[in-house]
Every structure is written in C-alpha cells, then in structure tokens.
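Asker: The chain contents come next:
Protein chains: 2
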Amino acid sequence: MLESLYLNLGQHDALSDAEKALLAGAMTFERHFATGQDIVASGSRPTYSTLILDGLAARYKVLENGGRQFTSLQVAGDFVDLHAFLLKTMDHGIVALSPCHVIFADHSRLRAITEEASHLTRLLWLDTLVDGAIHREWIVAMGRRSKTSHLAHLVCELFVRLQVVQRTNGMSFHLPLSQAELADVLGLSVVHMNRVIGALRKVGVVNWANHTVTILDWHRLQEIAEFDPTYLSMMREPR
Amino acid sequence: MLESLYLNLGQHDALSDAEKALLAGAMTFERHFATGQDIVASGSRPTYSTLILDGLAARYKVLENGGRQFTSLQVAGDFVDLHAFLLKTMDHGIVALSPCHVIFADHSRLRAITEEASHLTRLLWLDTLVDGAIHREWIVAMGRRSKTSHLAHLVCELFVRLQVVQRTNGMSFHLPLSQAELADVLGLSVVHMNRVIGALRKVGVVNWANHTVTILDWHRLQEIAEFDPTYLSMMREPR
DNA sequence: GCCAGGCATTAACATTTGTTAGAGTGCACT
DNA sequence: AGTGCACTCTAACAAATGTTAATGCCTGGC
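So the protein sequences, as listed, match chains Z and L. full-length UniProt numbering puts the first residue of the first sequence at 1, with every later residue one more than the last. full-length UniProt numbering puts the first residue of the second sequence at 1, with every later residue one more than the last.
Just so you know, these hints were derived from the structure itself, not from any lab. Remember, it's a predicted structure, so these values are computed and weren't measured experimentally. There's no promise every hint is true.
Which copy is meant is left open, so a pair is good if it fits within one copy or across any two.
To be verified - Once the Cα atoms are required to be at most 20 angstroms apart in a straight line, the calculated EDC-like pairs of lysine to aspartate or glutamate come out as:
id, residue 1, residue 2
1, 88, 217
2, 147, 19
3, 147, 181
4, 202, 106
5, 20, 3
6, 147, 13
7, 147, 106
8, 147, 228
9, 147, 157
10, 202, 226
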C-alpha cells in the first residue's frame, strides 16, 4: 500500500523496516477524491497530512481577479501537505487533477516520530526540502527560461519523479492535464499555452496526445530544458 | 549575537533558554563577506549552514544564456542554506547583496540537535517550511500577478520579515538592491523593471530613493499586492 | 444516430515586455 | 575641477504574450 512512499523516501537514503513500520503506523484512513475535488481547503487547519497513493494533485492559489496558479504538482508517494504538520494553517488549497486515492497520516503520530525516530524525521524533513528545491526550480523557469524551455523542464521533472515511483511506461507517462490546467502551471493564457505546446511538438522531441506524453529524444529535451536533476536529490547517501 | 535568529524562530513558538543555548553551541566561526561575493558556491557540499547576522543575501541560479534568477532574499536571522544540512549538494549559489556578517553552524551539531532536541528540530524544520511557503508565494506572483502587484507584494513581504528581526525604521527599510538586481528577482528586463518601479511610485504608496523604501500607504500597498501574511506563519503557537 | 458541452486549435488584434541605444546623475578617485 | 564608472531613466522599435472570438473535434448522455 505504501510502496510509493517507501520508494520516494528511500531514494534519498536507506529506509529500515522499523522506519517503514513507523510510517505505516502513522496512517489512519484512506479516501478517494474525484477529479476537480478539493483534497485540502485553503485556510483549513488539518490535523493529518495527506499522502497520495495514486493519482495527480496540485497545490494552488486563486487571486481576486480569478486567476489561478498551481505552485506544485504532486504524484504518487508525495505528501501533499506534510508542511501543514508544522505550518498549521493552509495558505493554499490542494485539488485532485485526476481521481486520487489518498491516505491520511495523523499529526500526533508524526510528532511522535520527531520525538523517537530522528533519522526518519530527517527523511521527512528532507522530503519537504526537496519540495522547496522544486519550487526554486519553478521560480527560475518562470523568471528566466523561454516558455518552451519551461515546458520542457516540466516534462523532464515529471518524468524523473514518476520514474522513481514506477509510474512511467518506457519513455511515456500519463499526464491528465488539460491545456488550461497546464497554463495555470506555467502562468500563461490558454491560447499561448497551446502555442508553446505546438512549438515543443514541432521540434519533435515529444509526442503529446491523449493525455500521454512520450519522450522521443530525451537528450535533446534535456538540452532544451537545461535540465539538471541535482535539485531532486536522487542520490542515496546518509542523511 | 544570535538575537535575530531567536527573534526569527521565536516568532513561531516559544524558544527556551536551553534551546537558545543549543543553537549557540552549534555555531562555530564568524565571517564577513563583501557585496557581490559568493557566500556559498553552487555545486558545493557544505559541512556547515550559514546564518546571516546582518546584511542581505540571495539564492540564485544562472542559466546558459547568462540570465540570472534570484529564488529568495535572505535577511538577518535567516539561515541561507539550512536545507544543505540534508540536501547535501547545493544546486544553487548564494551571493551577498550587501556587506554580510554571518556565522556558521556545524552540520554535525545540527544533527545532534535532531537526535536530542525534538522541539527545536521542529522549529528548524519549520524555518525551512516557511522558506517553501515564500517560494510558493513568489511562484504565484510571477505567474499570475501584474508586475506592479508583484513588486508591491515583495515590498510587503520584506517589510514584514524585516520588522520581525527589528531591521525596520518606522515605515522605512533599507533595500540595497540595484534595479538590475531587482529585475533578477522579478524575472524582468532592467528597462521594464524601471517602468514598474516608476508605476508603483506614481500611485504614491511608496517612496523609493537612496536604497531606502518608505511605505506611505500601507493599506493601499497591501491591497495592490493582495498581501496576506498567513504564509509567513507569524502566529506564535505550539509546534 | 443526435445533441450538448468540454477541449484543442486558429485568427486578428491589443497589450505587455524585451532590446538597443543613449542621455542624465551622482559618486569615488585622482 | 576633471575623469571614469555604475546606476537610473527614457525613447523607439521589435518580439512575446494576452484577449476575444470563432471553428472543429471528440465524447458521454439520450
């Protein structure tokens, strides 16, 4: 059940069986969310953190003019709101972008982990630090990359992250995002989003149809994106 | 010496004297950096984390075309690279934007804190989570705010953060950033940065001269920015 | 099979933002 | 006082991006 979490945390450092048991023991009940449903509401003060077992979700903020911006995409094995364990109040919402199967980890049990299992605590902390590293990469992409490069970077990042939790299929992966939703990731209008996707298709490095992305030329895609996976900390080493 | 750190961490939850002593015990030597010097190099693997005692620094990445993007601004009381304690490898650089007085905290002693002081560990973790929350707010600003609103938001954020560590003077604060550097924060060209600053000046909510920002109409500035400080977690509560 | 609704795509035009170039300003150094 | 330099500010034009609107395609419900 928690395989994807073990794969996600375990990519950074070895996870012992005892630690896996502690994580499993922190879990409470499961739940399914339909596409478009809010998994966590902005302004709420959750007493548990949500782990995605399967599906795609996103953090987002909505502005007064109605504009929406996604600040992260979350896949299987990701805690969507582990930060709320200490931040307490959600300053943004989390929405299901596909049918999502999730399980909730109780904050009081996470707290017990911080008191009794320092190595596991560091791994959970690290998980939120990688989140932050991804945020920084998005800031760079939004500020200084061309839009084509930004999109290419997103494809690279998602491919690598999905590969860790075994949700890729060869060089393909499922990306159930409409162009309007993608526009809310890159901060573009829908029309321009369409142009940018067209441009990336035109260079021939990806095939993008039916919500499935197939990478045709990984090397060239990585070049266009200037993608360097260092920020994902995928090296297994003592933490 | 560590007053600004105590103020920064202590805004979220009470810091005991014992915890202050643990923090002080983690510190090793101090150092001064001149404006423009790199405090931490991209790609390095530091064995200590850097706390700013005074000055302004920034995290940044440089792209192949020479473009630079700042991903955060760090003020007194901030650890600029606490994340490197667990991420290990720096995927970005940190540069001094003013003369910086810093002190280094040894990673082995931080590790000891995670093993012996769970509440303090949570506060340090929280510190990095607030970092992440600020990143998300920047993503929203870059993607969906007008440039004027983005700039106004930055001014609000810096004012509030500097107030916590007592680096404001009434409604003024020192902001030693050239327009070119500011452009690397917002992801704009220098020319357009100049236009945007002009626009914010024109509405009359700030006075901006000699690297000093004075907020003339806080209420209106906050409105332009749609600034909601929730993300900074400034409420003191058990963590 | 027909229809309604969501989504992708394109066109025409408006607005924002970037680029290049140059003028003005203040300050450190001689 | 004169010079050089970094920074601010402006102008003119080019390129990127947004807006509005329309078209076509697919799919689920009937």
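Asker: For every hint, state whether the structure bears it out.
Answerer: Comparing the hints with the structure gives:
no.	hint	in the structure
1	88 / 217	neither (43 angstroms within a copy, 31 angstroms between copies)
2	147 / 19	neither (42 angstroms within a copy, 46 angstroms between copies)
3	147 / 181	within (15 angstroms within a copy, 22 angstroms between copies)
4	202 / 106	neither (47 angstroms within a copy, 50 angstroms between copies)
5	20 / 3	within (10 angstroms within a copy, 39 angstroms between copies)
6	147 / 13	neither (34 angstroms within a copy, 41 angstroms between copies)
7	147 / 106	neither (40 angstroms within a copy, 40 angstroms between copies)
8	147 / 228	within (17 angstroms within a copy, 29 angstroms between copies)
9	147 / 157	within (15 angstroms within a copy, 27 angstroms between copies)
10	202 / 226	within (19 angstroms within a copy, 39 angstroms between copies)
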